[in-house]
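K.L.:
In case you want the letters, here they are:
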Amino acid sequence: MMNRSHIHGAGLGLKRELIPQIQSHHNQTLISNIQFVEIAPENWIDAGSKASKQLDWFAARYPIVCHGLCLSLGGISPLNTDFLQLVKQFLNRYNIDIYTEHLSYCTDAYQGKQGYLYDLLPIPFTEEAVHYVAQRIRQTQDILGRRIGIENASYYAAAPISEMSELAFLNAVLSEADCMLHLDINNIYVNSVNFNFDPLAFLRGIPQERIIYSHIAGHYQQSPDLLIDTHGEDVIDPVWALLKDAYDLFGVFPTLLERDNNIPALDTLMQEVDKIADLQRQAIPRSSRPNTTTLTSLIA
Amino acid sequence: MTDTLPSFQQYQLAFTARIRNPHNQPVPTDVVPERMAVYDEIVFNNLLESVSACFPVARKTIGKAAWLKLVQAFLKEHSADTPLFRKIPEEFLTFLQHSKLALAPYLQALCHYEWIELYLSSLPALDSPSANTHGNLAQQPLVFTPAMQLLSYDYAVHRISPRHKPKIQEPTYLLVHRDANDKVKFIELNPMTFKLLTLLKSGEVTAEQALIMLADELKHPQPQIIMQFGLGVLLDLQNQGIILGTTY
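Quick note, the sequences are listed as chains A and B, same order.
No gaps in the numbering here: position 172 of the first sequence is 329 in our numbering, and each next residue is one more.
No gaps in the numbering here: position 212 of the second sequence is 213 in our numbering, and each next residue is one more.
Hints were generated in silico from the structure; no laboratory data involved.
Quantities reported herein were computed from a predicted structural model and do not represent experimental measurements.
Every residue, glycine too, gets a C-beta built ideally from N, C-alpha and C.
Errors might be hidden in some of the hints.
Away from chain B, derived, C-beta distances all over 10 Å, residues of chain A [stated by the list, open to error]:
no., residue
1, Arg218
2, Gly231
3, Thr283
4, Ala315
5, Leu406
6, Ala440
In silico DSS-like pairs for lysine-lysine, Cα to Cα no more than 27 Å straight-line [claimed, not checked]:
no., chain 1, residue 1, chain 2, residue 2
7, B, Lys186, A, Lys210
8, B, Lys166, A, Lys210
9, A, Lys210, B, Lys77
10, B, Lys101, A, Lys207
11, A, Lys432, A, Lys172
12, B, Lys65, A, Lys207
13, B, Lys184, B, Lys88
14, B, Lys186, A, Lys172
15, B, Lys196, A, Lys270
16, B, Lys61, B, Lys196
17, B, Lys101, B, Lys65
18, B, Lys166, B, Lys186
19, A, Lys270, B, Lys101
20, A, Lys172, B, Lys88
21, B, Lys186, B, Lys196
22, A, Lys207, B, Lys186
23, B, Lys61, B, Lys77
24, B, Lys88, B, Lys77
25, A, Lys245, B, Lys88
26, B, Lys168, B, Lys184
27, B, Lys184, B, Lys61
28, B, Lys184, A, Lys172
29, A, Lys270, B, Lys70
30, B, Lys77, A, Lys270
Isolated chain A, as found in the complex (with noise of 0.2 Å):
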């Protein structure tokens, strides 16, 4: 059963570089505030015996959450379902309850195989997209026997035949496909910048009753109104207050910080773990606002 309640607080993307450091400063301050953690299945499965021992390490120690990034939701190519039975292994090896998904696809079927092309590559905002999509959700959800979240991707190129807005589409995909949201605050804000929207305006309009968590990170910012979503710099200040417009919009939720380039130091990694508690501290806790109970039904 998927229950959030497994995770809570604020969660930190684990990345190999950083394992050493979390291990040497278990049970200390420093890390206090790192309350889950969250691994890309197509970087642990099969990853050998050592990726075996660290993630046993964990998984003792941290709930893990799983965020993957080749499922091609929105590919041509079939979904990879010997793939999604590796998956389910996996998620039953280390006890995860939670694997998200971007809304975007990574395969053009080239030569009649998958065509993985590694990137998440954006989907046309058409009402045929939307059934496409939702269907390979479902599709994944049956075969999970769990509901996954979806998560609203960056892009950076508007295709000229989308039929509605990029808000429209993800909410018409998470209500056909009926799963969770995987929130992340600031692919809208990178969005907000690359396509000219107000990113307030984009978070009033999600169903708040199925973010299942959140994601925060830093970009690039490529010339004043192009936004690279790399996960290599510092989170700035407008993409804060996004979160804390969230919180204050819905309640909080669990939020971790993504940082898989220009890695610096535990220690300072911490500093914007500690902000997100920070902020989760500062806001109204999600139980006690009064539409909670929409989200308990959702999950049963």
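Starting from the known structure of chain A, fit chain B onto it as the hints suggest.
P.N.:
Relative to chain A, chain B alone:
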């Protein structure tokens, strides 16, 4: 045929065709070229990083420009079938095997040698088969550690560097294994030891039988020397944890 696809999929195919081959494929209609360029770049750079991380010697040896061209061809010509990032280098090896590009003659061997380290470290924890550690190495079949391989190459792959690009073939034999601390280690073997270990790994002969065969093959005047040498090697491999013992 693509005409029968929904428009969003037709668009996706135009988009990915461009990403795979940005020098020859157009930007899809009405897509902002500067924004398309972001995808041209991030997909390629991501792939380049994954491939380069596994093949640092090959990259340096053939040089930056040639390496970039090779990874561009990989993106353009190869359809990767694995979602696991660790297996991208394996896809690259498959691409090299089928590529019609004029490659340095040693490149495939070198890349295989660089990849095998990743491959062995990616193997799961393997249960060691039971072995008698006090058995007679000469007269009983041997048990090897499961995380090992015997490798033979046409080039001295372990000595290749930008300053040492092999001009001629040089048959090379290596043993690679993962030790108890999950470290991958290579041992260079002479041809006879390679033959000996290949025979013993098959599990069909004892060391004594194998060494007699090898001494015969070599028409060695003093087979006893071969026997002593061979058993010395096996003891050494046992001390390094590569031979776990004997089957009974």
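K.L.:
Now, for every hint given, state plainly whether the structure supports it.
P.N.:
Checked hints:
no.: 1; hint: Arg218; result: holds, 20 Å
no.: 2; hint: Gly231; result: violated, 8 Å
no.: 3; hint: Thr283; result: violated, 5 Å
no.: 4; hint: Ala315; result: violated, 7 Å
no.: 5; hint: Leu406; result: holds, 30 Å
no.: 6; hint: Ala440; result: holds, 34 Å
no.: 7; hint: B:Lys186 x A:Lys210; result: holds, 20 Å
no.: 8; hint: B:Lys166 x A:Lys210; result: violated, 39 Å
no.: 9; hint: A:Lys210 x B:Lys77; result: violated, 37 Å
no.: 10; hint: B:Lys101 x A:Lys207; result: violated, 37 Å
no.: 11; hint: A:Lys432 x A:Lys172; result: holds, 20 Å
no.: 12; hint: B:Lys65 x A:Lys207; result: violated, 32 Å
no.: 13; hint: B:Lys184 x B:Lys88; result: holds, 19 Å
no.: 14; hint: B:Lys186 x A:Lys172; result: holds, 25 Å
no.: 15; hint: B:Lys196 x A:Lys270; result: violated, 39 Å
no.: 16; hint: B:Lys61 x B:Lys196; result: violated, 33 Å
no.: 17; hint: B:Lys101 x B:Lys65; result: holds, 20 Å
no.: 18; hint: B:Lys166 x B:Lys186; result: holds, 23 Å
no.: 19; hint: A:Lys270 x B:Lys101; result: holds, 20 Å
no.: 20; hint: A:Lys172 x B:Lys88; result: holds, 18 Å
no.: 21; hint: B:Lys186 x B:Lys196; result: holds, 20 Å
no.: 22; hint: A:Lys207 x B:Lys186; result: holds, 15 Å
no.: 23; hint: B:Lys61 x B:Lys77; result: holds, 22 Å
no.: 24; hint: B:Lys88 x B:Lys77; result: holds, 18 Å
no.: 25; hint: A:Lys245 x B:Lys88; result: holds, 19 Å
no.: 26; hint: B:Lys168 x B:Lys184; result: violated, 31 Å
no.: 27; hint: B:Lys184 x B:Lys61; result: holds, 24 Å
no.: 28; hint: B:Lys184 x A:Lys172; result: holds, 20 Å
no.: 29; hint: A:Lys270 x B:Lys70; result: holds, 23 Å
no.: 30; hint: B:Lys77 x A:Lys270; result: holds, 14 Å
Consistency note: the structure conflicts with the earlier hints numbered 2, 3, 4, 8, 9, 10, 12, 15, 16, 26.
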